[in-house]
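S.K.: Sequence:
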Amino acid sequence: MAKTPKNKPDDTIAAKISRTLADRIMRGELGPGARLRQDHVAEEFGASHVPVREAFRRLEAQGLAVSIPRRGVRVADFGLADVQEVAQMRAALEVLALRHAIPHMTATILDEAEAATIAGDGAMDVRQWEEANRRFHRLITAPCNMPRLMEAIDGLHAASARFLFSAWRTGWERRTDTDHRAIIDALRADRTEEAIRILDGHVQWIGRTALRTPAGITRDAFAIVG
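The working numbering applies: residue 1 is where the sequence shown begins, and numbers increase by one.
What the hints contain is simulated information worked out from the structure, not anything from laboratory work.
For every residue, glycine included, the Cβ atom is placed at its ideal position computed from N, Cα and C.
Hints may be right or wrong, so weigh each one.
Stated by the list, open to error - Beta-carbon label-pair distances, calculated as ranges:
| no. | residue 1 | residue 2 | range |
| --- | --- | --- | --- |
| 1 | 85 | 16 | 42 to 50 angstroms |
| 2 | 205 | 102 | 19 to 27 angstroms |
| 3 | 107 | 128 | 21 to 29 angstroms |
| 4 | 188 | 35 | 48 to 56 angstroms |
| 5 | 16 | 84 | 31 to 39 angstroms |
| 6 | 181 | 39 | 49 to 57 angstroms |
Could you build the full structure based on these sequences and the hints that come with them?
M.R.: Structural data, given as structure tokens:
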């Protein structure tokens, strides 16, 4: 049997750097247009420029960074079209997952989903809300037992989080998620098509807020709030 080749040390370092930077971008700590300085990143991670360049290439492949001539590598910006694309993809994949999850749904899962909804309603900031919201969606879709599908959905939720954290850095207001409760009620009552219909519309709801840039310019920012 052939042995699986081990990763080169630089590959492992590059993966660590790209994961760390991706997490900062997703969480809004590195905003659109922020420059990723090769020297600074190399110094922070105690690495040579080789794995840093590879990490930047990985971020570009994920659509999180762009290389701009004479301006270096920067965090990629996004607009309404990007948010709409992710929303539509989430709707299609989460509906598929829910259809396959319903036969395996249990009262315990729905109780946990209800607890996640309550936590989201009580969230005091956008990060708490996003964590509770993501937990709700994963609880009702994970019983599909389709790991590749769930991996794709997790990636889309990461993109959703990036939009959300960028748009609502401040000014988050507590909200009551009636859609989550309606989905739970429909699933408890075996009204499966109703639950699927609500979920489909729910994840395509896009919110808009006014965002003030560091340059003092106010622009519209969009995010999936479902």
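S.K.: Each hint needs a verdict: does it hold in this structure or not?
M.R.: Each hint, compared with the structure:
Between residue 85 and residue 16 the C-beta distance comes to about 29 angstroms, which lies outside the given range of 42 to 50 angstroms. With their beta carbons about 22 angstroms apart, residue 205 and residue 102 fall inside the hinted range of 19 to 27 angstroms. For residue 107 and residue 128, the hinted distance range of 21 to 29 angstroms is satisfied, since their beta carbons lie about 26 angstroms from each other. Against the hinted window of 48 to 56 angstroms, the Cβ-Cβ separation of residue 188 and residue 35 comes to about 50 angstroms, which satisfies the hint.
The hint said 31 to 39 angstroms for the Cβ distance between residue 16 and residue 84, and at roughly 33 angstroms that hint holds. Taking the beta carbon of each, residue 181 and residue 39 are about 51 angstroms apart, inside 49 to 57 angstroms as hinted.
Of the numbered hints given earlier, the model fails hint 1 alone.
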